[in-house]
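Chemist: In case you want the letters, here they are:
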Amino acid sequence: GAGVSQSPSNKVTEKGKDVELRCDPISGHTALYWYRQSLGQGLEFLIYFQGNSAPDKSGLPSDRFSAERTGGSVSTLTIQRTQQEDSAVYLCASSSGDGATGYTFGSGTRLTVV
Amino acid sequence: RKEVEQDPGPFNVPEGATVAFNCTYSNSASQSFFWYRQDCRKEPKLLMSVYSSGNEDGRFTAQLNRASQYISLLIRDSKLSDSATYLCVVNNQAGTALIFGKGTTLSVSS
Chain A
341 GAGVSQSPSN
351 KVTEKGKDVE
361 LRCDPISGHT
371 ALYWYRQSLG
381 QGLEFLIYFQ
391 GNSAPDKSGL
401 PSDRFSAERT
411 GGSVSTLTIQ
421 RTQQEDSAVY
431 LCASSSGDGA
441 TGYTFGSGTR
451 LTVV
Chain B
393 RKEVEQDPGP
403 FNVPEGATVA
413 FNCTYSNSAS
423 QSFFWYRQDC
433 RKEPKLLMSV
443 YSSGNEDGRF
453 TAQLNRASQY
463 ISLLIRDSKL
473 SDSATYLCVV
483 NNQAGTALIF
493 GKGTTLSVSS
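Chains as they are written, first to last, in the numbering used here: chain A, 341 to 454; chain B, 393 to 502.
For reference, chain A alone in the conformation it holds in the complex (with noise of 0.2 Å):
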């Protein structure tokens, strides 16, 4: 597509719940990103996919939180048992390089859990 596409653009699920957040890239860009934005902090690294590589999950918080990427290009983030603490804006981003190159971001999807 023409930009990065995130689903649902919001959430809002009760505590205890599993969720799926969606995230489908740039046509041809081979990175993909997920970052987390909690009210008035800086964005949060969660995971990294690069092609068919391994991804870096370093930045994952807890094991309530998986991603993949199927067939190098749409991925989903889960949660599974969400927690208040989880509330925040989810940001995927792809770029085409390594990540030495700019990221293009979708427009989040905002997570409230209640």
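Worth double-checking, as some hints may not be accurate.
What the hints assert, rightly or not - Capping the alpha-carbon separation at 30 Å, the derived lysine-lysine pairs in DSS-like fashion look like this:
#: 1; chain 1: A; residue 1: Lys-397; chain 2: B; residue 2: Lys-437
#: 2; chain 1: B; residue 1: Lys-434; chain 2: A; residue 2: Lys-351
#: 3; chain 1: A; residue 1: Lys-397; chain 2: B; residue 2: Lys-434
#: 4; chain 1: A; residue 1: Lys-355; chain 2: B; residue 2: Lys-494
#: 5; chain 1: A; residue 1: Lys-397; chain 2: B; residue 2: Lys-394
#: 6; chain 1: B; residue 1: Lys-437; chain 2: B; residue 2: Lys-394
#: 7; chain 1: B; residue 1: Lys-434; chain 2: A; residue 2: Lys-355
#: 8; chain 1: B; residue 1: Lys-494; chain 2: B; residue 2: Lys-394
#: 9; chain 1: B; residue 1: Lys-494; chain 2: B; residue 2: Lys-437
#: 10; chain 1: A; residue 1: Lys-397; chain 2: A; residue 2: Lys-357
#: 11; chain 1: A; residue 1: Lys-351; chain 2: B; residue 2: Lys-437
#: 12; chain 1: B; residue 1: Lys-434; chain 2: A; residue 2: Lys-357
#: 13; chain 1: B; residue 1: Lys-434; chain 2: B; residue 2: Lys-471
#: 14; chain 1: B; residue 1: Lys-494; chain 2: A; residue 2: Lys-351
#: 15; chain 1: B; residue 1: Lys-494; chain 2: B; residue 2: Lys-434
#: 16; chain 1: B; residue 1: Lys-471; chain 2: B; residue 2: Lys-494
#: 17; chain 1: B; residue 1: Lys-494; chain 2: A; residue 2: Lys-397
#: 18; chain 1: A; residue 1: Lys-397; chain 2: A; residue 2: Lys-351
Said to hold, decoys possible - Far from chain A, by Cβ distances over 12 Å, these chain B residues were calculated:
#: 19; residue: Asn-414
#: 20; residue: Ser-441
#: 21; residue: Ser-460
#: 22; residue: Arg-468
#: 23; residue: Gln-485
#: 24; residue: Phe-492
No wet-lab data here; the hints were simulated from the structure. Glycine included, every Cβ here is placed at the ideal spot set by N, Cα and C.
Take the given structure of chain A and dock chain B to it, following the hints.
Modeler: For chain B alone, kept in the frame of chain A given last:
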């Protein structure tokens, strides 16, 4: 020391003013540097890359001092539309991802 540190501001300036933002980073091995702009409740957007020799894009000038691990952004002739949060960005230790500062907020008034 935080990986990327910025003065959060806010910087409140009148239209036409010149304003400068500074940023320091901790990883001396960083090779990639950027400034991003983020409007309220929007995603960050790439403003400009920062090169060792310094670079300019219209009213915006970016400088890098590797020895001091310091990056700056200068905005000349500020416009109302420049009001936003400016994020200083460097690549991480592994060179695989970008680390974002918390941003400096600029408010330009008429």
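Chemist: Given the hint that B/Lys-434 pairs with A/Lys-355, test it: the Cα-Cα distance must not exceed 30 Å.
Modeler: Given that 30 Å is the threshold and the Cα spacing comes to 26 Å, the pair holds.
Chemist: Take the C-alpha atoms of A/Lys-397 and B/Lys-394, compute the straight-line distance between them, and say whether it is at most 30 Å.
Modeler: holds, 20 Å
Chemist: Say whether it holds or is violated: B/Ser-460 keeps its Cβ farther than 12 Å from all Cβ of chain A.
Modeler: holds, 22 Å
Chemist: Between the alpha carbons of A/Lys-397 and A/Lys-351, is the straight-line distance 30 Å or under?
Modeler: The hint holds at about 23 Å.
Chemist: Hinted pair, alpha-carbon criterion (30 Å max): A/Lys-397, A/Lys-357. Please report holds or violated.
Modeler: holds, 22 Å
Chemist: Could you check that no beta carbon of chain A comes within 12 Å of the beta carbon of B/Asn-414?
Modeler: Its Cβ never comes within 12 Å of chain A, the nearest being 16 Å, so this holds.
Chemist: Does B/Phe-492 clear chain A by more than 12 Å, comparing its Cβ with all Cβ atoms of that chain?
Modeler: violated, 4 Å
Chemist: Decide if the proposed pair is consistent with the structure: B/Lys-494 and B/Lys-394, CA atoms, cutoff 30 Å inclusive.
Modeler: holds, 11 Å
Chemist: Does the claim that B/Ser-441 lies outside the interface with chain A hold up, using a Cβ gap greater than 12 Å?
Modeler: It is violated; B/Ser-441 is separated from chain A by about 6 Å at its closest Cβ, not greater than 12 Å.
Chemist: Run the distance test for A/Lys-355 versus B/Lys-494: straight-line Cα separation, threshold 30 Å.
Modeler: holds, 28 Å
Chemist: Given the proposed pairing of B/Lys-434 with A/Lys-351, does the C-alpha separation stay at or below 30 Å?
Modeler: holds, 16 Å
Chemist: What's the verdict on A/Lys-351 and B/Lys-437, does the C-alpha distance respect the 30 Å limit or exceed it?
Modeler: holds, 23 Å
In this structure, the hints that do not hold are numbers 20, 23 and 24, in rising order.
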